[in-house]
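Just so you know, the protein sequences line up as chains A and B, in that order.
Per this note's numbering, the very first residue in the first sequence carries number 665; after that it's consecutive.
Per this note's numbering, the very first residue in the second sequence carries number 665; after that it's consecutive.
A hint or two may mislead.
Copies of one chain are not kept apart here, so a pair can be met inside one copy or by any two copies together.
BS3-like cross-link-like pairs, simulated, lysine-lysine; straight-line CA separation at most 25 angstroms [to be verified]:
| no. | residue 1 | residue 2 |
| --- | --- | --- |
| 1 | K909 | K883 |
| 2 | K1261 | K1141 |
| 3 | K909 | K871 |
| 4 | K907 | K871 |
| 5 | K717 | K1043 |
Think of the hints as simulated: they come from the structure by calculation, not from any bench.
Each chain, written out:
Protein chains: 2
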Amino acid sequence: MKGFKIKLLKLLSLFVLWSQTLLAQEFNLSNYLKKGEKDATLSVFTMLQDAAKHKNSKVIIEKGTYHFYPEKAYEQYCFVTNHDNSMRRIAFNIKNFDGLTIEANDAKFIFHGVMMPFNIENSKNIDISGFTIDWHLPLHGEGIIEATDTANKTFDLRLADNMPYTIRNEQLIFIKEGFEHDLNHAILFDPKRKAVAYQTNKYTPLKMINQVEIRNKEKFDFYNYIDFRIPEYESQNQEYSIKAKEIAHGLVRISGSELPPPPVGMVLVCKGQFGKDRIANAFHINKSSQVKLHNLTIHYAGGMGILGERSEDITLEGINILANPSKNLMVSTTADAAHFAGCKGNIVINNCNFRHQLDDAVNIHGAYVIVEDILAPDKIGVRIGHFQQAGFQFADLGDTIGFIINEKLADVEFKATVKSCFQLNQHYYIITLNEAVTQKLGKGFIVENLDWYPEVSITNCQFADNRARGLLLKSPKKTIIKNNYFSNMMQALLISGGINNWWYESGGAQDLLIEGNTIGDCNYDGEKRPVISIGGKWENNGRMLGKIVINNNTFNNFNPSIIKATGVRQLEITNNSITNSKTFPALEPDAFVFDIKGVETLTTQNTKISNGFKNKLKTEAVKNTFSDIK
Amino acid sequence: MKGFKIKLLKLLSLFVLWSQTLLAQEFNLSNYLKKGEKDATLSVFTMLQDAAKHKNSKVIIEKGTYHFYPEKAYEQYCFVTNHDNSMRRIAFNIKNFDGLTIEANDAKFIFHGVMMPFNIENSKNIDISGFTIDWHLPLHGEGIIEATDTANKTFDLRLADNMPYTIRNEQLIFIKEGFEHDLNHAILFDPKRKAVAYQTNKYTPLKMINQVEIRNKEKFDFYNYIDFRIPEYESQNQEYSIKAKEIAHGLVRISGSELPPPPVGMVLVCKGQFGKDRIANAFHINKSSQVKLHNLTIHYAGGMGILGERSEDITLEGINILANPSKNLMVSTTADAAHFAGCKGNIVINNCNFRHQLDDAVNIHGAYVIVEDILAPDKIGVRIGHFQQAGFQFADLGDTIGFIINEKLADVEFKATVKSCFQLNQHYYIITLNEAVTQKLGKGFIVENLDWYPEVSITNCQFADNRARGLLLKSPKKTIIKNNYFSNMMQALLISGGINNWWYESGGAQDLLIEGNTIGDCNYDGEKRPVISIGGKWENNGRMLGKIVINNNTFNNFNPSIIKATGVRQLEITNNSITNSKTFPALEPDAFVFDIKGVETLTTQNTKISNGFKNKLKTEAVKNTFSDIK
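Using the sequences and the accompanying hints, generate a full structural model.
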C-alpha cells in the first residue's frame, strides 16, 4: 500500500510536470514576421502581446539578424534612474508578465536610432538568453587624432564614414538618426590597448565652454528650491569656446581648447552634454523580480547596458558587454555596463565580461531623498537629490525608511514606516508615514530606504578598459567579490559610506569579502588614487563601515597606492600579492601601499609586496592593529 | 386629495433641491493655504484632491493674487494637440471629475516658468469662472527696434528688463525661467495700434537660418517613413546666418538677415524654433463634456489659451484673451486664443474678446490620419499627419470613420466603424475595424473621423490685432458666426474643404451662416488675400462645401478683395455693405470684391460697395447665378 502511494505520488508529480510543460505556450518569432519586412519591431510587439495572455510563456527567436526601428515601436514615458527620462521607443515590452522565457538561438538584434531594446516592468520569473544587441550607427562620437599643432593648440580629427557630422556655426556636431550631440564629455581611447588612454585627463574633457552673463536675471522669481545643475538651467549661461573647421571631407580641425592637443593616433570619444545622452539603455528592469539574463552580448547602448531598479533577485550569467570587435569602435555602452539602484534579494553576476564602457562597470546603491517640507505630523514632502534619479520609486507601502541629519552624521537618527509615497512630480514626492515624526524632524534631514538593499555576489568576471571604475559597492548586505579581473581607468573598487551631495547614492558596506581577484593597472587616467578606495566615516563625515575582508588577491599596478581606507570597524587585508607592473611611470612613487585611517581593528597578514614599492603601511587613528608588515 | 398630492410633490422637489445643495460639498481655498507660503500650487492640488471625492463639488477662491510655481506642481505627460507634447506641470488638475464648479471672485493667478494652468481630462459638468491668468515673465521675446542701418542691414533691439537674455556664440537668446528661445518666428507689432504691424512680412520672419551639409548621411538607414519636418530632424542641417552683438546693457545689434531692417519704433516679437514653443497653454480640455468657462481673462499663455480635443459641449462666455494692458507687452497667447480639434456636441463662444495672439483667434477642425500599413483584413496601421497632432485620440470604439483617396478627391470613398484604436506610439496607431476593408483599401488613403465634428455658434465677439486669421471653420455641422467684430493680420474667416498636406486638418463646411458681423482691416501683413477665403473643391482638389450664407455684414477694408470662393453648392452673399477704409495703401486695387469659382448656385443680392472698389464680381464655372451686381 505504501509503495503504491509513493508510485501514485510520483505519477502525479510527473503529470504536473508534463501538464506544466504542455501549458507553457510557445511562440516562435518566425510565425509573426512578415515576408520582405526588414523591421521586426511590430512583429515582436504582436508576439509579446500574445505571449502576455499566458503564464510562463516561452518565446523562441530563431537564428538570424533582426532589425528594430523606432517608428513602429511601442512607446511609453520612462523614468529610468541614473539616465535621462524620456518617451522611450521600446522593442521588447515585457510588462505585467508572470513567467516569460525568451530563448534566442544566436540571434543578432540591430537597433536604429533612439530606442530602448528591453523594458521589463512589473514582471516576475523572466529568463532571457541567446542574442547580441548592437546598433546600426552608434549614438556617441569617435574620431582619430590625425595631426596636432601645439603652438596654435589645434588638433585634426579624422571621422570615419560611420560618423555622420556637420559643422554648425563653427561647432562640430555628430549627427545621428533622430539625435545629435557635440564634443562635450570627451575622453581619449588608446586604439592599441582598446582602453582609455594613459593620462587622458591631461587632454580631456576638452575645455570647450565659456560662461556668459544673463542680463536682467534679477527679474527671475525662483521661490522654491531649484537644482540649477539640471541641464535646462546649467547651459543657460554657457557658450562654446572652441571652434571647428572642416579641412577636408572627414577631417575637422578643432581650435580654442586651452588644454594641450591630444596625442596623434589616439581616438577622441565624446557623447555630448550631460543630461541629454542617456536615452537608449539596453535593458531596464523595473519593479520586477526573479529576472535572469544569460548568454547575451551587448555591443552597444546609448546609456547603460543593464539598469535594475526597485527589483528583487536579478542574475546576470555569461553576459558580455563590450565593443563590437568587427566595427573598429572603442565604446560599448555610453554609461555603466550594469547598475542596480534600490534593489533587494540577490544580485548575482557571474562569468561576465564588461569592457569599453564610458562609465563604471557595476554600481550598486540606494538613493537618498531630501526633506523639503513637513506637510503634516505624519506627512513629508521630499525632493530627489540628483536629477538623474528623477521619478525613481523611493519607497512604497510598508517600507522602513531612515532619517539622517546630513550635516551631522551619515547614520540613521530614527526610522519610520511608509503608508504611501505619492509622486507629485518626478522631483517631488509626498510620503505619508505610519507615525508622527514632526517632533524628531528638522531642517537638513535626508532619508534612506532601509529595506531595499541586495545581497551581492560578483564572481568570475572581467571588468576592464572602461572609463571610470570597476565596482561601486554600497549595499550594507552580504557582498562577495570573488575571482574577478579588474583594470580600470579609475579605481577597481570604490566602497563608500559617505553621502556625496552630487549623486546622493545611499548605503555603506557592512559585510564585504574581496577574494581571489586579479587586479591589473588602474587609475591610468593620470589622477592619484588607490586601486581600492574605502571611504567610511572620517571625522564628522560618512558612515562607519562594517567588516571588510580583502583576501588572496593579486595586484599588478604601476602605482604603489593599493588600498586607502577610512572608517571601517574590522578591516582584514590578508594573503595579497602586490607587484609593480611598470606599465606606465608611477604617478606617486612615494605613496603607501596601504594607507589606513580611523579603523577599529586592522589586520594585515601575509602580504607580498614587490621591491619597487618602498612605503608599505601608514596608519592613523587605528585602535587595534594586527600586522606583519615591517 | 389632488391638492394634497401637488403640495407633497412640491415639498418633495424642494427637498431634492435642498439635499442637492447640501450634498454639493464646498471647498474654500483659504482653508488650504499655508500662512507665509507664496506658492499656492500644492494647496490647490490638495483642495482638488478633496473635491474629487464628491460629485458636484464647488471650489471657492477668494479675491486675491495667487502664485503658481512648477516645482511642487502635479505632473503628467500630456499629449496636447496642435501643441508640443511634454511632461506638463499642472496647477489645476481636474481629472475624472463628475461635476465641479470653480468660482473665483476676481482672483489673479500668476504663473511662473513652464506650467499648464488647467488640465480638464475625463471630466464632465465643469464650470469655471472669475479669475485672470497671467505670467510672472512671458515665455516669448519682445524688443523695440531702436535704430537701423539700411546700408549694413543691421538693426538695434532694445530689451526691457522683463526680458532676461544672453548673447551665446553671437546669438541673442531670450532666457526664461526653465526655458529659452532664439529669434526664430519673429513678427513685428505696431505699438501704437497694438496689433501686428502693416507689411510685417517685408521684414519678418527674419532670414536667420542657413542650410549646412551633413556628411556621411548616406550611412543613415531610414527604413520606415519619417516626417523630417519634426524638429529633431529639421534643425539637423541648419545653422544661424544672423549674428547678435550687445552694444550696451539692454541693446543688441542684429546683423546678417537678408531682409531690410524693420522700421524704428516697431516691436519685434519672437518665440523661437517651431516645435519647442507650445508648451504652456492655459487650458487643456480633453475627453470631457459639458465644460463651461466664463468671465475669465487670459493675459498670457505660452501656447494656446483654450484647447479642446475629443470633447463634447464646450461653452466660452465672456472670456477675454488679450495682453495685459498694464505690462506694455504686445502678445497675449503665443498660439491660437481658442482651438477645438475632434470635438462634438456644441461649441459656443459668446461675448469674448480675443486679441494679440501669435496665431489664429479660433480654429475648429478634425484631423486626418494616413494609412501606413494594412495589418489584417480588419486592421490598419495609421500614422498621424502633422507632428503637433502626435498622440491625439483619433478614434475610439464605435466611431464611424471615412476613407479618402488623398490624391484623387477629398470625398469619403467608404466608411467603417471602429472596434479599437490603440496608440502604439504617438505617431502610429493600430485601428481594428468591425469589418474587413482590405478589398477597398489601397495606397494613399487617408482617414477622417466622421462622428467628431461639433455644431458651432460664435456670437458677439471681437477677434482682432493678432497674427494670422480670425476664424478657421471646418466643421460640416451647423455653424453660426453672428454679430462679431474682426480685424486680423490675415483673413477674417478661412473656410476650407481641402486637405492641406501640412496640417492635415479635416472637415468642410456644409451649413454655415455668417451674419451681422463687422469686419475691419484684414490682411495688413502685406500678402494678397481676400477677407473671407472659401476653399472648397476646385478641379481635383478639395471637398465640395454645402450651403454658405454671408448676410448683412459690414466690411471696411483697405483692399477690395472681400470674398474668394471655390467649390460651394449654394453660396448666398446678401445685404452686405463694403467700404474702403483707406487705412493703408491697397495692395491689389484691381482685385474683384467677389471672386467666385466652381459654385453650383451663387446669389449676390443687395450689396453696397464703395466707389473706390471698381471690380465687383468675377465668376468662373458657376452653374446658376442670381446676382444684382452690375
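### Query
So which hints don't hold here, by number, going up?
Violated: none.
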